[in-house]
Amino acid sequence: MATKTQTLGVNTPATGLSNEEILRYSRHLIMPEVGMDGQLKLKNARVLLIGTGGLGAPLGLYLAAAGVGKLGLVDFDVVDFTNLQRQVTFGTTDVGKHKSEAARARLSNLNPDIEIQSFETQLTSANALELFKDFDIIVDGTDNFPTRYLVNDACILLGKPNVYGSIFRFEGQATVFGMPDGPCYRCLYPEPPPPGLVPSCAEGGVLGVLPGIVGSIQAMETIKLILGAGDSLVGRLLLFDALGMKFRELKLRKNPDCPMCGKNRTIHQLIDYFEFCGVRGEEAPAPDLQVPEMTPRELKARLDRGDDLYILDVREPHEYQICNIKGHLLPLGELPRRVHELDSSREIVAHCRSGKRSAEAVDFLRKAGFRKIHNLKGGILAWSDEVDPSVPKY
Amino acid sequence: MAVKVIIPTPLRVYAAKKDSAEVSAETVGEALGGLTAQFSELRKHLFTDDGKLRSFVNVYLNDEDIRYMAKEATPVKDGDVVSIVPSIAGGC
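These protein sequences, in sequence, are chains A and B.
Under this note's numbering, the residues of the first sequence are numbered 1 to 394, in order.
Under this note's numbering, the residues of the second sequence are numbered 1 to 92, in order.
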């Protein structure tokens, strides 16, 4: 595990602020709800951010700016171009750098008076308790179910608050788990959904501002916990619908039979969360469909030879507008009722963006009696890599 | 009783992209049944093959979790709002 840090932990609580800090935090200090006492609480607080992506961006920026004395940043990922639409901590020159380190550099520039520790590692059952023990509050900004259950369980085992936020396309949720009398993540969601049911951001897309709003709510809840001010979201699930611009609130109750935080706890240590969630990794594909494949190079060679091939593009119309390889557009969802439009006597090559949806299409068509059909291996992404780089990747 | 059922984003693809539906029902279970009668593709996402509500689907009547009420037998009244609250994990 690679870490970059100065010193570990706030051993001696700060009892005062320098003149520079007083100037920097003056808009906090003049509010009685924060004041000198509150600003010192912030300075002595230690907050660990799990994930430095979409939710982690506003979290890191606001908590660093607010003067939280010690921030930990956990992320194993590397910045890529598709992150920049929403992960506002990063700039174009950060592409290719490790996120935890790029975020540390950005936040240090924002506030050089705080300690920032980056952990370039994936959070696992083997390292979570060790990582969490030096922090007071854990903020969950991850992007997958196994890590969310892991963060929850580690927080309950250590008795630490877990400031929760999650997003999907236009919808967000936020609450605070892990407080002594409050519910935990398992009280709300005893079991994860089956893998593949809920698409990831990479599959489903996400409006860039949404993590900005939900991450900011998490930052606000974190600061309120530190200050001991206001009404926290403990026991309330905040639902945000960005399209309707509506906030709703549901009551969250502590489940007396919760296997993690209930009276008769049955989980006493961290488990294998990938197994629990039925996946072996966030990007684990659905069980592989065994369908005949054709590589982009083979397809190019066959087309160049003048073979009669019918290219079937099973993506959505808005994706076709981004780029296409002159296939016939018939979205996967419409295939069952439009199957008669296809000629089963012709040789068909189906493709999508990555090859996953078109594998489903090929599987469906084979069951419908199509015999001369192939899946374009790796989809339009592979076509761009191997055949025609002028086709943009998305 | 006329109640409104709120359909969450991940399930809207199975509900003609609608964000809510009006149904007539006496209980929460009937309201969900009315919803899946309108949008048959939703059924398998909400219920198991033997007709039980799936364990990862949370259903609220107004702001209360039906698990702490009479579950699907919880009675509804005119103007109530039934919400399906899905597990979402995105943060990236």
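Possibly wrong hints are sitting among the right ones.
Stated by the list, open to error - 25 Å max Cα-Cα, derived SDA-like pairs, lysine to any residue:
| hint | chain 1 | residue 1 | chain 2 | residue 2 |
| --- | --- | --- | --- | --- |
| 1 | B | K17 | A | K254 |
| 2 | B | K4 | A | G196 |
| 3 | A | K254 | B | L53 |
| 4 | B | K18 | A | P194 |
Keep in mind the hints are simulated off the structure, nothing from the lab.
Q: Hints the structure violates: just list their numbers, smallest first.
A: 1, 2
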